[in-house]
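**Student:** Join these two chains into a complex; the hints should help.
Now for the letters of each chain:
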Amino acid sequence: MNTDIFLILCQDGIVNGAVYALLALALILVFAVTRIIFLPQGEFIAFGALTLAMIEEGKVPPTVYLLVVLGVASAVVALWLEPTKNRGWGLVGLLLETIVAPFALLCLTVWLPSREFGLLYSVVLSVAIVTLMGPFIYRVAFQRIADASILTLLIAAIGVHLALTGLGLYFFGPEGSRTTSWVSASLQLGALNISGQSTWIIGVTVVLVAALYLFFSRTLSGKILVATAVNRLGARLVGLPIDRSGRIAFAAAAFIGALAGVLIAPQTTVYYDSGFVIGLKAFIGAIIAGMVSYPVAVVGAIMVGVIESFSSYWSSEYKEIIVFSLMVPILLWRSYSSKHVDEEE
Amino acid sequence: MKKNETRYKIDRTTEETQQVREGSVIRLSTLLVLILAACSGIDAATAEVKIGLTISTTGPAASLGIPVRNSISLFPTEAGGEKIRWIVLDDASDTAKGVSNARKLIAEENVDAVIGSSTTPVSLALVEVASETRVPFISVASSPRIVLPMDEKRAWMFKTPQHDFVMADAIAEHMAKSGAKTAALVTFGDSYGDGWLAEMTRALEKAGIKLVATERYARTDSSVTGQVLKVIAANPDAVMIAASGTPAALPQKTLRERGYKKPIYQNHGVANTDFLRVGGKDLEGTFVPTGPMLVAAQLPDSNPTKSIALDYVKRYEDTWGPGSVATFGAHAMDAALLLEKAIPVALKNAKPGTPEFRAALRDALETLKNVPVTHGVVNMSKDDHNGFDNRARVMVVIENGKWKLLQ
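If you read the protein sequences in the order shown, they are chains A and B. Quick note: the first sequence uses the working numbering, first residue 1405, plus one each step. Quick note: the second sequence uses the working numbering, first residue 944, plus one each step.
This is chain B alone, in the form it adopts within the complex (with noise of 0.2 Å):
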């Protein structure tokens, strides 16, 4: 009778429990029923477009992703009668970083497109992410691989610099035309060097120039004197210089230093004021391939991007000050400019937050055609996802410690 009773009260119990949880679990998901209703009319009441960006403004290509931070304020706030909302994140440089917040970008805030990463590396690792996920990426670091070959896999992602080899063979091609014979590479050791070592020894051969010496260094060297003898060494008729940013500079001077008197080049890596600042006097004469955007002021007025890219420096430096504009951050506002313009489109088959409008979202981009950007004029198809033509580079040379347009 005892036991019976004991079980009886433990049955009970267990019972009380278990109504009591039933209880908080009804509570909770009554809750959670009207919170997510509560967000779902909010949604519905305001269906914006949301756009997010996972970018490196920390880590050692901070000078790459700030720029692009800064210009978010100058980003298009709507299109095609939608609101536009732009979620930014810090991936500090870092691959896994940048995977994360992509998908953190996709499952929690439902984004329809993602405008990121600003180095190679990230963006690399984010193409698994955006085909996995069907949503579409847009990066804006420079390797050609990240839309090339076009595949399966590759075919939701977007990229808006201009690939590397066209930097290259515009370099190589000013190279031969005054003249050079043989040629030097001085670039980082990384994965950013491997790629401009693959990509000039390439156009190099094309232009039929001799690369007789190639040196590595790292950005935060305090001295590259080794490499530079090295390179004078080897005598070459013109140095290439492949680094982003302000180590750029710092080969530059030393080979001025140690009395190297041929050309020069950089490449459109450099391409921002804090260059001009650190290179000095060093830098004059230096030839440099990069976006028309950089010039835009001295381009031809029938130039289609002269106005685009004109408003653009000119609304980037009313907020961040004069001098401030960098060709980086006007790569992230020529992806938004391309969704600006398919927004609209996807907006004709779909509702936004939803799969079937980031599939159109993505047709939409690849079929953009004559789109003129702050970079050049885009022309995507199938199997290119950077869009850009000869129009999309000039030939720059650093006169009095400023940027001149070669005609």
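Next up, chain A with everything else stripped away, as it sits in the complex (with noise of 0.2 Å):
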């Protein structure tokens, strides 16, 4: 091995880490606020990088008629729990998010076909349709069982993950697809080849962690979303609104899942369930963060990526295998140097 391959390999590791990171940030987001192992995070990246695809192909595409019955069915499942909150202006509300806004979308995707609006709105459109799925996903699969155990709960996202990867292939067909590149320039140093679009998945990594930590630090939605990540209960107490803390990570979670997915798109060909491997990495990179750190978790993911990209160099048969059983010693590492405290249940 010379240094221009060291420096290849460490290069295509770090962008497809800062993938994983991404995916990384949304679990530990997800899992702080709701104590879901969001197993179905993968998915996200799948039904953005193609839906992004269809439209590109002048096509309508289904995730978006996916959307407007997950809209219908959240409004039935919120009128049907809680019929007090969603009076008067709450059930403006409650309308506006689930009925008007998919419809719109469903509009802009029939109507306006994009070709003549260029790729930053079609990007802009899968992005949209995607993140609504959030809160629609938490209202219809998990609201009710907000309050179960984290086995039920992981149960419960496994079941989503089944049936958004069925509805994949039913969507996008088994082969996969590739978009068009946002930049087509690259940038040549020495034997590094840089291209434009690992540029941006980089700068859009580096801005989503800032944006996350300002969000958290200095917004309301923010601080309500910490405090009921460090106690659910005491939180419910003091009435902040714990139900909308869910829907706002899932929605978090969903755009972060989408976002990565029309990012890698013109990298790499994505397939119907290719969002599930990815999200695997990621999780190791939450794993090694303890599910809580999102610095750690975003070098753990970026460990990941490079780790991936050596062994797929020196013995690509192996690959998997040896990223995959980097998770017993960290675990190991983990659970005899953390303090164990028991969960409140």
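Quick caveat, the hints were computed from the structure, so don't treat them as lab data. There may be inaccurate statements among the hints.
[Claimed, not checked] Only pairs whose alpha carbons sit at most 27 Å apart, straight line, appear in this in silico DSS-like list of lysine-lysine: (1) B/Lys1224 <-> A/Lys1463; (2) A/Lys1463 <-> B/Lys1257; (3) B/Lys1284 <-> A/Lys1463; (4) B/Lys1284 <-> B/Lys1224.
**Tutor:** Here's what the structure looks like:
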């Protein structure tokens, strides 16, 4: 191995790791606020990327119909679960979120073909469609059982994962897609060929980490999320809207997932089931951070990306084994080094 | 006295219950007999040939199975004056599911033959079911191990896709002819890749080419930079990528991005339009050995498969849209065409739905001679349950985003 190969592998690992880092942030966010180990996180990547691919092809992505169905379903669930909250202005807000917004997006995708508006419009539209799915999924699948044990929530998450993967196959078919690159320019630095797309990925990751930091430390919504994460019962006792926190967390997770999806779509082929493996690797990053610390998760996820890149060079046959075996020493170290606190149930 | 009374009571009650039970048993069995009679009555009225399919329309091999499912509406609906009914089940690319599907089709639907499955691992498991239940099976997976070496068990198994080694030889011969001395192989890290590694190692050795690098990757990998750097470091004269469907595009795109300019070969598993769509301009000049069906329109008119393949392509694209046709669906079409030829022969000896008919169908399949299908001309024999010769493969090059036949 020479320096050139070493540098290229590092670069490849960091770019992949940045995507894992984005997802790891979303995983920790969802877990902290709702205690859900959010397995379907990866599905948002596939949905985001493939929705963009379909819009680019000039087709109406079926995800937008799914969004309308989910919206109606979550309106029904909301009215059934908390009829008292949803009166007057509450009802207006609910209908705006669950009925009007999805239909608006549907009209946009059907009536305003994106080709004339360029790439940015398609990207924003795809991300919007997938982001809105997040809170709907929370309302339909999790809100009712928000106080259940972590295991129950995990099982519900597995159910959502299977449902979304099946829908993905039905919507997008078994073959993958690629989208056009955002920037065709690339920078030649010695042997390193830095593509514009990878700069975008790194840039977005950095911006998102900063944005999350500001959101949690400077905004009221962010502080409510932190409070819910620190002590769910306490947050409820002082009257914080913990259901809304859950929905915000899911919206953020879906947003991050969709963004990661549209970012990697020009770099690699995305399949209906691509998200799961990417999500698993992000999960390793989140585990390294103990499902708590955002900066450690970013470092951990990038480490996973770099190790993956190097092991695919040295021994491509055992790449996945090497990456997932990493979990064992890390879990051992974590379970011996951290003070064990019994989970309040 | 009292004791006796009680005992009498108990006896009576048991007797009563027994009577009730007997009554219900009789009623139930009458009902059952009536239903069965009704069913057999229907059967007798329209004695049809039932063919089951167990294919992978979901799971990792869905891109192979979905074109098969889409082709079923184009299958022949009758043969030798009997109606054919096609019953399709999805095995989710899973071996256990495939076996239980096959058993279900045989036990519950009493099928006369089964087409399936889409992948090699599932098809290998079905060999056991075929020989045990004595039902002829036609696999649409590619590994030669499904029907070779021919033995007592595989006697019930047939297979329509060309053997891998036919394609591997075509690639190695083409490499040797264009002057390559060294080659690298990039393939999946699973049993599919293992099969190709073995076939390519053999074929390259025969052609006098040295295999200098072997790299593996997974279908859903988002980056293969590491593998590609290793291949480029070995500097081979040609690279062979053995993968199925759109995942085969990623290594090729990365190779081109990293400046590899020498010839790249793909295998017949990529032969669908999605591959061209995803690969884009990085696929220009790629060599692909495949069945003639993919370039049917470019075949000379003298080619016996041309009209059949063109007819299939036309009817498929009329139903599923232009550019939707894939070679995988045509393998199932070939299985259906073989059955269409064999059923009239078997009908002379037995009635559908009987073990005799299934045995006759197997014998008829084995003696098919000179049957043109979409992928070539089939000549079955006792030892060859695939039946293709070199007419079942052509070398194709990708030019301007289209498949072009190499003369």
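**Student:** Taking the hints in turn, state whether each one holds.
**Tutor:** To see whether the hints hold, each was checked on the structure:
Between B/Lys1224 and A/Lys1463 the alpha-carbon distance is near 22 Å, which keeps this suggested pair within the 27 Å criterion. At roughly 24 Å between alpha-carbon atoms, A/Lys1463 and B/Lys1257 fall within 27 Å of each other, so this suggested pair holds. Pair hint B/Lys1284 plus A/Lys1463 does not hold up; C-alpha atoms about 42 Å apart against a cutoff of 27 Å. Of the supplied pair hints, the one linking B/Lys1284 and B/Lys1224 is violated, its CA atoms being roughly 42 Å apart against a limit of 27 Å.
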